[in-house]
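J.: So you can see what is in the structure, the chains are spelled out below.
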Amino acid sequence: MSEVRQRPHTKMVTYPSNAVIPERDLGKNPVLECSHLGIEFGGLKAVEDFNLVLGRTEIAGLIGPNGAGKTTIFNLLTKVYQPTHGSVLIDGLDTHGMTTVDVSKAGVARTFQNIRLFGNMSVEDNVRIGLHNQIKYDMFTGIFRLPRYFTKEKQQHEKAMELLDIFGMSSLADVKAGSLPYGAQRRLEIVRALATNPKLLLLDEPAAGMNPHETQELMDNILRIRDTFQISVMLIEHDMNLVMGICEGICVLNFGRVIAKGTPEEIQSNPVVIEAYLGKKKEGGQ
Amino acid sequence: MAFLSSLVNGLSLGSIYAIIALGYTMVYGIAKMLNFAHGDVIMVGAYIAFCGAQYWGLPPVLCVLCAMAVCTVLGVTIERLAYRPLRQATSLAVLITAIGMSYLLQNLALQIWGANPKSFPTDLIAFPNLSLFSGQLKVSGVTVVTVLANLVIMVALTFFTGKTKMGKAMRCVSEDRGAAELMGINVNRTISMTFAIGSALAAIAGVLLCTAYPTLQPTTGSMPGIKAFTAAVFGGIGSIPGAMVGGLLLGIIEILSRAYISTELADAIVFAVLIVVLLVRPTGLLGKQVREKV
Amino acid sequence: MNAKRRKLIYNLSTYAVVVIAFIWCQMLLNSGGMTRSLKGQLVPICCWITMAVSLNLVVGISGELSLGHAGFMSVGAFTGIIISGWLQHGMGMEDTTLRLVIALVAGGLLAGVAGVLIGIPVLRLRGDYLAIVTLAFGEIIRNVMNCIYVSVDGRALNIDFLNPNLPGKLLLNGPNGAVSVGKIATFTAGFILVLVALFVVLNLTNSRSGRAIMAIRDARIAAESVGINATKYKMMAFVISAVLAGMAGALYGLNYSTLVAGKFKFDQSINVLVFVVLGGIGNTLGSVIAAAALTILPELLREFSNYRMLVYAIVLILVMLATNNPLIQQVTRNLAARVKRLFSKKQPKVSVKGGDQA
Numbered sequence: 001m002s003e004v005r006q007r008p009h010t011k012m013v014t015y016p017s018n019a020v021i022p023e024r025d026l027g028k029n030p031v032l033e034c035s036h037l038g039i040e041f042g043g044l045k046a047v048e049d050f051n052l053v054l055g056r057t058e059i060a061g062l063i064g065p066n067g068a069g070k071t072t073i074f075n076l077l078t079k080v081y082q083p084t085h086g087s088v089l090i091d092g093l094d095t096h097g098m099t100t101v102d103v104s105k106a107g108v109a110r111t112f113q114n115i116r117l118f119g120n121m122s123v124e125d126n127v128r129i130g131l132h133n134q135i136k137y138d139m140f141t142g143i144f145r146l147p148r149y150f151t152k153e154k155q156q157h158e159k160a161m162e163l164l165d166i167f168g169m170s171s172l173a174d175v176k177a178g179s180l181p182y183g184a185q186r187r188l189e190i191v192r193a194l195a196t197n198p199k200l201l202l203l204d205e206p207a208a209g210m211n212p213h214e215t216q217e218l219m220d221n222i223l224r225i226r227d228t229f230q231i232s233v234m235l236i237e238h239d240m241n242l243v244m245g246i247c248e249g250i251c252v253l254n255f256g257r258v259i260a261k262g263t264p265e266e267i268q269s270n271p272v273v274i275e276a277y278l279g280k281k282k283e284g285g286q
Numbered sequence: 001m002a003f004l005s006s007l008v009n010g011l012s013l014g015s016i017y018a019i020i021a022l023g024y025t026m027v028y029g030i031a032k033m034l035n036f037a038h039g040d041v042i043m044v045g046a047y048i049a050f051c052g053a054q055y056w057g058l059p060p061v062l063c064v065l066c067a068m069a070v071c072t073v074l075g076v077t078i079e080r081l082a083y084r085p086l087r088q089a090t091s092l093a094v095l096i097t098a099i100g101m102s103y104l105l106q107n108l109a110l111q112i113w114g115a116n117p118k119s120f121p122t123d124l125i126a127f128p129n130l131s132l133f134s135g136q137l138k139v140s141g142v143t144v145v146t147v148l149a150n151l152v153i154m155v156a157l158t159f160f161t162g163k164t165k166m167g168k169a170m171r172c173v174s175e176d177r178g179a180a181e182l183m184g185i186n187v188n189r190t191i192s193m194t195f196a197i198g199s200a201l202a203a204i205a206g207v208l209l210c211t212a213y214p215t216l217q218p219t220t221g222s223m224p225g226i227k228a229f230t231a232a233v234f235g236g237i238g239s240i241p242g243a244m245v246g247g248l249l250l251g252i253i254e255i256l257s258r259a260y261i262s263t264e265l266a267d268a269i270v271f272a273v274l275i276v277v278l279l280v281r282p283t284g285l286l287g288k289q290v291r292e293k294v
Numbered sequence: 001m002n003a004k005r006r007k008l009i010y011n012l013s014t015y016a017v018v019v020i021a022f023i024w025c026q027m028l029l030n031s032g033g034m035t036r037s038l039k040g041q042l043v044p045i046c047c048w049i050t051m052a053v054s055l056n057l058v059v060g061i062s063g064e065l066s067l068g069h070a071g072f073m074s075v076g077a078f079t080g081i082i083i084s085g086w087l088q089h090g091m092g093m094e095d096t097t098l099r100l101v102i103a104l105v106a107g108g109l110l111a112g113v114a115g116v117l118i119g120i121p122v123l124r125l126r127g128d129y130l131a132i133v134t135l136a137f138g139e140i141i142r143n144v145m146n147c148i149y150v151s152v153d154g155r156a157l158n159i160d161f162l163n164p165n166l167p168g169k170l171l172l173n174g175p176n177g178a179v180s181v182g183k184i185a186t187f188t189a190g191f192i193l194v195l196v197a198l199f200v201v202l203n204l205t206n207s208r209s210g211r212a213i214m215a216i217r218d219a220r221i222a223a224e225s226v227g228i229n230a231t232k233y234k235m236m237a238f239v240i241s242a243v244l245a246g247m248a249g250a251l252y253g254l255n256y257s258t259l260v261a262g263k264f265k266f267d268q269s270i271n272v273l274v275f276v277v278l279g280g281i282g283n284t285l286g287s288v289i290a291a292a293a294l295t296i297l298p299e300l301l302r303e304f305s306n307y308r309m310l311v312y313a314i315v316l317i318l319v320m321l322a323t324n325n326p327l328i329q330q331v332t333r334n335l336a337a338r339v340k341r342l343f344s345k346k347q348p349k350v351s352v353k354g355g356d357q358a
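Protein chains in written order, with our numbering: chain U, 1 to 286; chain Y, 1 to 294; chain X, 1 to 358.
For reference, chain U alone in the conformation it holds in the complex:
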């Protein structure tokens, strides 16, 4: 058993009314504010009345049983689905009517539960695609190989390598993304998301399919990403070691509704959560 990394204790404070965010983020705009967010699929309420505020540098966890609507929330935040109710503010900006592309430009990046890499392309190209809106030149510059093409390509290459280095993947730059081992594909998705220079990083089951050692590494990396880029991270995860180990605020979802919110300690001792979700695990484990 690998040892759980000690989470530096974060003091959570209430913000504006019933939401809690880390004390250090109090002076700044929250990066994400969802109020009464909801979506219906033909009468079925997949997510209902979802309220959440995320601090500027908070690491938050979104947990809940399978089918609780966790990924749907990510899809709502990134506008893969348009919400039928409620609003989402990204860094104070109302995302009503925005597309996935607009939200990405507004500073939300994500990974996918079922990995969606550009499998036929090299690892480096995957990251370069993440840099699409960061280092730009137009189509004609590309076709006619104007001087700008070469300087920008060089910039892209250097930046991509720098980002890949975070996960020690720069030696794999030339490998076809689709032929990477599973864990490396998950890491590459994170690098690609980081390349878009986000304010909020959404990770959908980042540790799925990883062994305890890899998970431990991932936890270190998530903390390091947060510290170096000063961004907020929200993650969906079933690995409770990871969630309890690095998340500062946790939100528990069941049947599309929030059933509990709070710090890891509060969640662990919350009877509703134990009944709905953790209960089974705890009974088996203790």
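Think of the hints as simulated: they come from the structure by calculation, not from any bench. Hints may contain errors.
What the hints assert, rightly or not - Chain U stretches covered by chain X per the calculated footprint, using a threshold of three residues with CB under 8 Å from any CB of chain X:
1) 92-105
2) 112-118
3) 122-132
4) 193-205
Just so you know, even glycine gets a beta-carbon here, dropped at the ideal spot from N, CA and C.
Starting from the known structure of chain U, arrange chains Y and X on it as the hints suggest.
T.: What follows is chains Y and X alone, placed relative to chain U:
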């Protein structure tokens, strides 16, 4: 009256399209492939019926049955030899193979029956012409038979897919091939069955088509094939009632625009309507909307 | 830079194949070692190569199945013919090279406009629906072409719909197509056109825009989630492809003295698709070779005369069955790996399928 007469002609042509479109839509629904060779199976069916009547001296019913039998065998053989080995391949690879199959059938027909158009015996379907509204509206026997055949086929297919074991298996396979296989459904046999039914229908359509438009040559099936495929998409590909609605509408639109707008532009109008429909309903009139799972 | 070098080698070898083939053909032409029928095929071969390279941009690189490529070719062809005819008879321009260049550019531009008009509605659809709508558009274009009459009267260009009674010299005669076209296409022009098409497509794929296009092909939602506007880049590929097809069409049209719209039926779109698929989807060099080989093949099969299309069909089916047979795929993969090991003994790296990516 002229309008009514055009409408009846449209109904007749539309019924033929609908019968062909059923073949496309069933194969698409189950094997998830565009069977480009389907139009050429129609042509083969028509040739067989032609030979039956002209050379072998068979009675009309036997001609049609003979054509259906040959087409069924042909359809199943094509599936077995050319499409089944590609079950795991990309859809584009299957499409190209189907195109190759279409060329093959056309050129085989060219070798066997020659390039010269044959005039199809219009008396193959002997049904008295109807005269309505004291002779103002004449409906040919072929039209009556075509529309009736279409209705019978439609009812039979609805019953077949809804009530019989094989029909239910077909719907299962079209919904989720993997799950159907796990439930013990023989997917290969179900797909073969679909090709068999589709090809038998193609034979009927071939006979009806050539009775209404009696020039028979190796490329006879290709344009009606494309139009019928359009009809299938128009109605929502994969849906049996959709094929029916799409086929009928397409036929009516084609004949009406030929009569009232322009003969030269009739095809363009048909395709333009298809495009407009797809823009409003991206999966056709009766097609199911599918949401991509993320 | 392994990947970069591989791309460079791939691109250079693509150009090299075309240049060498051109020089070889020129030598054969000069020594008189080329049959008449093959000589007549030289310009069409260049046109079909350009068509294949441009369709490959849509089907292989952008990942959208288009069955209406011949439509753009026909727009380009008739535009080219009209412009060339107008320059010759209306403006009195006798310089054939200049006329050819202007005709090609005009053909490409108008096909590009058609590409934009068609792309806006069509690219919202997916998969087979997109395929059938492009096919429909190809047929509409052909149908409409059959109804257009164009004449040149002095300096004026008269264009009318369904009305053949135009003053002056008739350039486009509705269903009878273009008549008495000045045959000004040359093999050298075809060669340059192929190089232009390769230059555009290869450079595009190795640029920011090209990567965005391929990203949408591989995972559309992921591409949008990193801020790539899918519609814009799909449109870019579609329109560039239409422009190239239009230029190929203009050259093709100016290679014959008469031309009817029926030449660009949907079977032609499908033929080009066959080149792309047989050449390896997404593989530009493959498209070039397949287009050339399959255009020459029926010529070479002349001794089979009547059977040649039959043989062509059988070859097509067998090739598709063989290339998709798991056993044969395994054998070729092993062979490729062995060849690769032979060439780079020092780097037994992660196996990456070699050079099938343009």
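J.: Now tell me, hint by hint, if it's right for this structure.
T.: Verification of the supplied hints:
1. 92-105: holds (count 5)
2. 112-118: holds (count 4)
3. 122-132: holds (count 7)
4. 193-205: holds (count 3)
Hint violations for this structure: none, all hints satisfied.
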